[in-house]
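Chain G is already provided as a structure; the job is to place chain S with the ligands on it using the hints.
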Amino acid sequence: MNVYPARSNQIAARMLGDEMMIMSPRDATLFSLNEAGALIWQSADGHTPVSEIVQRVCQEFDVEPDEARADVESFLSELAGHRILNFTEEAQ
Amino acid sequence: MSALLQSMNSRAASLNIPLGVQLDVTYRCNERCVHCYLDHDDHGEMTLEEIRGVLDQLAAAGTFFLTLSGGEVLMRRDFFDILEHARKHLFCVRIKTNACMIGEKQADRLRDLGVESIQVSIYSHRPEVHDAITKLPGSLKRSIEAIRRLKARGVKVIIANVLMAQNFGDYPGVRLLARELGVESTIDPTITPKMDGDRSILGLGIGIGELKAVMHDETLVGDIAEFCAPPPPVDSDVLDELPCSASHTYCYISPYGDVFPCVQFPLPTGNVRQQAFLDIWRYSPAMNDVRSIRPRELPVCSTCSHVGGCTRCPGLAYMAGDMRGPSVQDCEKSYARTGIPSANMMLRAAVRHDLVQIHL
Ligand code: SF4
Ligand code: SF4
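Residue numbers (my numbering), protein chains in the order written: chain G, 1 to 92; chain S, 93 to 452.
With the rest of the complex left out, here is chain G (with noise of 0.2 Å):
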């Protein structure tokens, strides 16, 4: 099954030179995410599938599958957990 990780509308974000700012709407906290994590970020775009993000890891950043797979999963769900994208079984 695949699952579609969609940012969440609450948040504030900016690149800022070649880093990603984000603001958590929760607690007003700052993020600030690496090329690797701005990528993954950008493509939270609800209509595009973890497997598909994996796959564009891969592309740019040369890493083997399995390890960007893991890597995207506890990244993703890192964000998940500050409420900064949220997961949906259906494409937006």
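Misleading hints may appear alongside valid ones.
[Unchecked claim] Below, computed lysine to aspartate or glutamate pairings styled on DMTMM-like, alpha-carbon distance capped at 25 Å:
1) S:K248 to G:E78
2) S:K243 to G:D27
3) S:K180 to G:E78
4) S:K180 to G:E35
5) S:K180 to G:E90
6) S:K180 to G:E19
7) S:K180 to G:D45
8) S:K180 to G:D18
9) S:K180 to G:D62
10) S:K248 to G:D27
[Unchecked claim] Distance ranges between label pairs, derived from CB positions:
11) G:E67 to S:R374: 39 to 45 Å
12) S:S99 to G:D27: 17 to 23 Å
13) S:A368 to G:D27: 32 to 38 Å
14) S:L107 to G:D62: 41 to 47 Å
15) S:E272 to G:G81: 28 to 34 Å
16) S:S99 to G:F61: 20 to 26 Å
17) G:H47 to S:G265: 49 to 55 Å
18) S:D309 to G:H47: 50 to 56 Å
19) G:D45 to S:S99: 27 to 33 Å
20) S:D134 to G:H47: 22 to 28 Å
Honestly, the hints are just simulated from the structure, not real lab data. All C-beta atoms, glycine included, are put in the ideal place defined by N, C-alpha and C.
Just chain S with the ligands now, kept in the frame of chain G:
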């Protein structure tokens, strides 16, 4: 300030990015606060389309923190269209308002649009004092009701209290009220001269004795010994430090499109109706002049023992006649904090002394 926010600020400064911008969407207001520095007539505010265009430009320029203020923002019927556009660009939006016009429907929209915080001006916990300052009967009641509405929806609210002779004794009451409402509160002892240069409203401010009391109130400043400690020694780090954020990572845009280094620094640098925002931000000679200021070249402040710990506001100094001069309000704060007179105070005392001798 969190370490990440600090590093974000210094990155923005080195990349010349206007990380924070305050945009006043109107100077019109439903209140007539006695200390207000604005002219409330509409002299041709930017239209919704113009403001949307400015927001597009700010997002492209890298602005993250956007403060929407006024006047009273809700005097604009299209305020929520502006806010919607701002949030589409994912700005971290802070709003300053007196909140009198925030009913249930408006509170719902503010929650749904994900604003970071809403700052509400409250001058006293007593209606007779607050309403005498705003000159709007019933305003305290309405502002408090709106704060409750916002709180009930989980929106972060900050009460901002400007201290004047008229409401000085009530700041503990306002802080108590904030605690009851479950919101943060700040106090500000600075009165800003009117935009047209009229300095008469400065007389409404608190005196040096009251300022001292505020600076030595541990419920406000925490560790008094630390807060009121003598300034750090003046060395070359201090003299070459970047001053405040105005023109470095922050600027202000008026409802008429004028761009200034800060809301409290009305030095004309350009107008977004005539020029692209980034051209003003990057290339305006006035903006770059402000950017070039370092404590080392300030004629009076560089000789002052407070220079390393002073909150010298170049905007207030500009309004007093010279942006490289001392800011009298900050001299008073430095003195009230530490008991050590500033270089500016000593200079003025010497001049007064000379004048007395001439008269004799
Ligand atoms: S010190 Fe004055 S000019 Fe600088 S950011 Fe503060 S208010 Fe603005
Ligand atoms: S205390 Fe006054 S003279 Fe001294 S640095 Fe501050 S503004 Fe300048």
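Hints versus structure:
no. : hint                        : in the structure
1   : S:K248 to G:E78             : holds (24 Å)
2   : S:K243 to G:D27             : holds (14 Å)
3   : S:K180 to G:E78             : holds (24 Å)
4   : S:K180 to G:E35             : holds (22 Å)
5   : S:K180 to G:E90             : holds (23 Å)
6   : S:K180 to G:E19             : holds (20 Å)
7   : S:K180 to G:D45             : holds (14 Å)
8   : S:K180 to G:D18             : holds (21 Å)
9   : S:K180 to G:D62             : violated (33 Å)
10  : S:K248 to G:D27             : holds (10 Å)
11  : G:E67 to S:R374: 39 to 45 Å : holds (42 Å)
12  : S:S99 to G:D27: 17 to 23 Å  : holds (19 Å)
13  : S:A368 to G:D27: 32 to 38 Å : holds (36 Å)
14  : S:L107 to G:D62: 41 to 47 Å : violated (28 Å)
15  : S:E272 to G:G81: 28 to 34 Å : holds (32 Å)
16  : S:S99 to G:F61: 20 to 26 Å  : holds (24 Å)
17  : G:H47 to S:G265: 49 to 55 Å : holds (53 Å)
18  : S:D309 to G:H47: 50 to 56 Å : holds (55 Å)
19  : G:D45 to S:S99: 27 to 33 Å  : holds (28 Å)
20  : S:D134 to G:H47: 22 to 28 Å : violated (44 Å)
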